[in-house]
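A.B. asks: Make the full structure from the sequences, and use the hints.
Chain residues, written in single-letter form:
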Amino acid sequence: MFEALSDKLRKVLKDLRGQGRLTEAHIEAAMREIRIALLEADVNYQVVKSFVDRVKEKALGQEVIGTLAPAQQVVKTVYDEMVEMLGGTSTQLLFTRRTPNVVMMVGLQGSGKTTTTGKLAKLLAESQHRRPLLLSVDVYRPAARQQLSIIANAIGQRTFEAPDINDPLELCRQAVRECQLTGYDTLLIDTAGRLHIDQELMDELQQIKRETSPMEILFIADAMTGQDAVRSAQQFHEQVGVTGIILTKMEGDTRGGAALSIKEVTGQPIKFIGVGERYDAIEAFYPDRIAQRILGMGDVLSLIEKVQSEVDEDKARELQEKLARDKFSLEDFRDQLRQMKRLGSLDKLMDMLPSGLFGGMKMTSEQTAEIEQKLKLTEAIIDSMTPAERRDHEILNASRRKRIARGSGTSVQEVNQMVNEYTEMRRMMRMMTSGGLGGMLGGLGGGLPGFGGGRRRKATKRRKKKKKH
Amino acid sequence: MAFWKRKKEDAYISLGLNRPPTAEEEAIAQQPDAQQERNLYAEPEGQEGFFDRFKQAVAATRESLSEKIESVVGGKRRIDASVLDQLEEALIGADIGVQTSLEIIEKARQQVNRNQLDDLYELKRLIKDELREILLATGRNRRQGTVASEAEVPLDIKPYILLIVGVNGVGKTTTIGKLAHRIKSEGNEVMICAADTFRAAANDQLAIWAERSGVPLIQQKPGTDPSAVLYDSIGAARARNADVLIVDTAGRLHTKTNLMQELEKMRRVAGRDIEGAPHEVLLIIDAVTGQNGLEQARHFTRAVPVTGLVLTKLDGTAKGGIVIAIAKELGIPIRYVGIGEKINDLVEFSPEAYIESLFD
Ligand SMILES: Nc1nc2c(ncn2[C@@H]2O[C@H](COP(=O)(O)OP(=O)(O)OP(=O)(O)O)[C@@H](O)[C@H]2O)c(=O)[nH]1
Ligand SMILES: Nc1nc2c(ncn2[C@@H]2O[C@H](COP(=O)(O)OP(=O)(O)O)[C@@H](O)[C@H]2O)c(=O)[nH]1
Ligand SMILES: [Mg+2]
Ligand SMILES: [Mg+2]
Numbered sequence: 001m002f003e004a005l006s007d008k009l010r011k012v013l014k015d016l017r018g019q020g021r022l023t024e025a026h027i028e029a030a031m032r033e034i035r036i037a038l039l040e041a042d043v044n045y046q047v048v049k050s051f052v053d054r055v056k057e058k059a060l061g062q063e064v065i066g067t068l069a070p071a072q073q074v075v076k077t078v079y080d081e082m083v084e085m086l087g088g089t090s091t092q093l094l095f096t097r098r099t100p101n102v103v104m105m106v107g108l109q110g111s112g113k114t115t116t117t118g119k120l121a122k123l124l125a126e127s128q129h130r131r132p133l134l135l136s137v138d139v140y141r142p143a144a145r146q147q148l149s150i151i152a153n154a155i156g157q158r159t160f161e162a163p164d165i166n167d168p169l170e171l172c173r174q175a176v177r178e179c180q181l182t183g184y185d186t187l188l189i190d191t192a193g194r195l196h197i198d199q200e201l202m203d204e205l206q207q208i209k210r211e212t213s214p215m216e217i218l219f220i221a222d223a224m225t226g227q228d229a230v231r232s233a234q235q236f237h238e239q240v241g242v243t244g245i246i247l248t249k250m251e252g253d254t255r256g257g258a259a260l261s262i263k264e265v266t267g268q269p270i271k272f273i274g275v276g277e278r279y280d281a282i283e284a285f286y287p288d289r290i291a292q293r294i295l296g297m298g299d300v301l302s303l304i305e306k307v308q309s310e311v312d313e314d315k316a317r318e319l320q321e322k323l324a325r326d327k328f329s330l331e332d333f334r335d336q337l338r339q340m341k342r343l344g345s346l347d348k349l350m351d352m353l354p355s356g357l358f359g360g361m362k363m364t365s366e367q368t369a370e371i372e373q374k375l376k377l378t379e380a381i382i383d384s385m386t387p388a389e390r391r392d393h394e395i396l397n398a399s400r401r402k403r404i405a406r407g408s409g410t411s412v413q414e415v416n417q418m419v420n421e422y423t424e425m426r427r428m429m430r431m432m433t434s435g436g437l438g439g440m441l442g443g444l445g446g447g448l449p450g451f452g453g454g455r456r457r458k459a460t461k462r463r464k465k466k467k468k469h
Numbered sequence: 001m002a003f004w005k006r007k008k009e010d011a012y013i014s015l016g017l018n019r020p021p022t023a024e025e026e027a028i029a030q031q032p033d034a035q036q037e038r039n040l041y042a043e044p045e046g047q048e049g050f051f052d053r054f055k056q057a058v059a060a061t062r063e064s065l066s067e068k069i070e071s072v073v074g075g076k077r078r079i080d081a082s083v084l085d086q087l088e089e090a091l092i093g094a095d096i097g098v099q100t101s102l103e104i105i106e107k108a109r110q111q112v113n114r115n116q117l118d119d120l121y122e123l124k125r126l127i128k129d130e131l132r133e134i135l136l137a138t139g140r141n142r143r144q145g146t147v148a149s150e151a152e153v154p155l156d157i158k159p160y161i162l163l164i165v166g167v168n169g170v171g172k173t174t175t176i177g178k179l180a181h182r183i184k185s186e187g188n189e190v191m192i193c194a195a196d197t198f199r200a201a202a203n204d205q206l207a208i209w210a211e212r213s214g215v216p217l218i219q220q221k222p223g224t225d226p227s228a229v230l231y232d233s234i235g236a237a238r239a240r241n242a243d244v245l246i247v248d249t250a251g252r253l254h255t256k257t258n259l260m261q262e263l264e265k266m267r268r269v270a271g272r273d274i275e276g277a278p279h280e281v282l283l284i285i286d287a288v289t290g291q292n293g294l295e296q297a298r299h300f301t302r303a304v305p306v307t308g309l310v311l312t313k314l315d316g317t318a319k320g321g322i323v324i325a326i327a328k329e330l331g332i333p334i335r336y337v338g339i340g341e342k343i344n345d346l347v348e349f350s351p352e353a354y355i356e357s358l359f360d
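From first to last, the protein sequence lines are chains F and X. Residue 361 in the numbering used here sits at position 361 of the first sequence; the count goes up by one each step and never skips. Residue 50 in the numbering used here sits at position 50 of the second sequence; the count goes up by one each step and never skips.
Simulated from the structure, these hints should not be mistaken for lab results. Computed from a predicted structure; not experimentally measured. Backbone N, C-alpha and C fix where the C-beta goes; we use that ideal spot for every residue, glycine too. Treat the hints with care, since some could be wrong.
[What the hints assert, rightly or not] Negatives, chain X to chain F, calculated, CB over 12 Å:
(1) K107
(2) L126
(3) A207
[To be verified] Derived, one-sided and incomplete: chain X residues facing chain F with beta-carbon distance under 7 Å:
(4) E89
(5) D95
(6) V98
(7) Q110
(8) A201
(9) D204
(10) I208
(11) G223
(12) S227
(13) A228
(14) A239
(15) T255
(16) V288
(17) T289
(18) T317
C.D. replies: Listed below in structure tokens is the structure:
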């Protein structure tokens, strides 16, 4: 399965620790991984090329920021570039005061035009107070016009019906007139699916465009499209002038790299995404979400951002130094626990991490609840210590431990266990590849008290299962 | 309740709508239909004819791998890294997938390094051989009892049930229309089951295809449990002594567990009624599909025993290479190729023709 890009980059950039700047060699290695990740996500290979070149330029010579591990920094550069590329001007549909405003739906066969026409009509009517009339000019596919009629009926909107007319242009003319006579302010035209190399049918679209002067020409594309996305999008754009893009079937598990390809070759904004077969399954497009999805990184970046804003940089550096000098005290440990708590519940934190981050481990909510319980206990135990004890755990003799157990409402065994785990964690954290966030996340994965063996066993089980099919 | 969509008998034998029959259809109409033995699929078309059609459809508009290689190599005959890089891009550009493409190129690279390969012609042959081997292996390693070509269809099963599955909009219904026509043309009694009870006007669409191919359709009200429609259709097919029953299903994303369970149920219902049914499960893959196609195949094979693939819309510019990745990982043979929206635009898949079409 897909290994999260951040994981791969972490491996490639491991030896970067301690160097101040990203060097050419590191960038080369990282770009190889990025290229593969993008190709696996279906971004067109030519688009990948230009994208990687741009990222390379930006990443080269960048200073490695204190709190970010180099791998994460590269991911962030890639991510920022992708968000910028996917974003665009206005994702709203543009309307003027003319009657009617025409919206034309175009695209390949089966991409979702008819369904999306229904979804848009519903959206415009219900949340933008527009009065849409729906028109199908798909006179080719069997029962295509019936399909739109049934959909319109289901959403309580009207279609223009003229079953005896089989000429798309004539249908357009009459429907426009109907709008002007009866006050429909928006005419949604659902066109037949066609191949971009079918010149006759591409000409037909141009004629419809001339006839109706649409405000919007939306290119409807299947999110599962592969490398060919650039060709169809480019052809449609060159021949009819697309003003926006809608990606359908996004609720599946496709990475959706076609979004990047289509955006790159048309330069037009992605306005909506389709997320289901029901007529309310349409959403606004958010470049950041799609970028994360293409990169396969869960919400790791929002986590990075959160950590960046929550964690005081100086403090983080101080912590790092302490770790390095083996001066990471129970006091610091409690600080870190509190800081973690500020980031949100463990459940949420785990959700934000890409599945590959801990080798594909995923905790059940019982497991996270158990761990949270344990963390609470840990904090209580540390709270019951004297400042001197917190600074130096070595002075914790039997009687001190007994007192702490009493004070925190735990048993001596629990106190012993906690202290053992703390020393173990300290040892592990010292070995962590990098400090800062890398260390924190690493700590989350391997060393914090409570992240016991149970989870690890579960992960091996999963791995075994994977092999079977 | 189920009802036969009874139309006048002659409505069923009209070939296509609003156009005179093609020469081929005329010829079929002339054939005596007194075939005693059920002959689901007669002799395949002459290889020549098939190759031509296939290539015409798929090669017309593309920059082929060959042109690509030619343009990289220019005059030189020697192979260097840039040739291999470009080839890798060409394979990836055909949606064959990063992993498979890298593997094939890596093999070539090793041979080049060992000086066993220094000629462009040899390089092409090596890559063709690799691809061909993946496609041919599906025939050899397939699950027991499954059919890998029309020639292998057993003649003693009646009704022989074909279940057509796939994600939304890939061309299931259209393929069924074409298949019905093709199978009927060989002198078989064919019926269609409209088990897409979900999508708007799915029945109407299929009814038009049934009419075009002159085949009866069993359908029920929209919203009916597809398994119920299937059950009725099997009964009707038996009553009519039909040879073949083709079942249309609603498009569904493989990630929707409940919809995949619905497919499992259909399989159980068919199997309970008729041993070994469904006898073929064809997964339809749209040629424009990217890497998600592999995920689709993985999930669909878990729900129903997919016996073959149909690659549709190969008349566009997309090459449909993901079927190679699917064949490689899951060993599912590719059975048919869709090359247009008309009733005759379906041809049997040929590994040779497909690979050649990528290269010439
Ligand atoms: N160019 C081309 N178009 C095709 C081919 N096969 C199907 N189509 C078109 O693709 C579109 C979708 O085909 P359908 O047969 O409705 O697909 P489906 O899988 O049944 O769709 P749903 O039932 O909606 O999931 C239609 O416009 C077909 O005409 C093909 O081989 N080539
Ligand atoms: N799962 C899913 N299916 C969709 C979506 N949009 C459209 N579809 C389905 O895709 C298929 C083709 O859609 P249709 O609107 O007929 O496409 P058209 O041929 O471009 O007009 C139908 O089965 C639709 O139900 C979506 O966002 N998600
Ligand atoms: Mg349509
Ligand atoms: Mg269908």
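A.B. asks: Each hint needs a verdict: does it hold in this structure or not?
C.D. replies: Status of each hint after checking the structure:
no. : hint : in the structure
1   : K107 : holds (18 Å)
2   : L126 : holds (21 Å)
3   : A207 : violated (8 Å)
4   : E89  : holds (5 Å)
5   : D95  : holds (4 Å)
6   : V98  : holds (5 Å)
7   : Q110 : violated (19 Å)
8   : A201 : holds (4 Å)
9   : D204 : holds (4 Å)
10  : I208 : holds (4 Å)
11  : G223 : violated (12 Å)
12  : S227 : violated (19 Å)
13  : A228 : violated (21 Å)
14  : A239 : violated (27 Å)
15  : T255 : holds (5 Å)
16  : V288 : holds (5 Å)
17  : T289 : holds (6 Å)
18  : T317 : holds (5 Å)
In the structure shown, a violation is registered for the earlier hints numbered 3, 7, 11, 12, 13 and 14, in ascending order.
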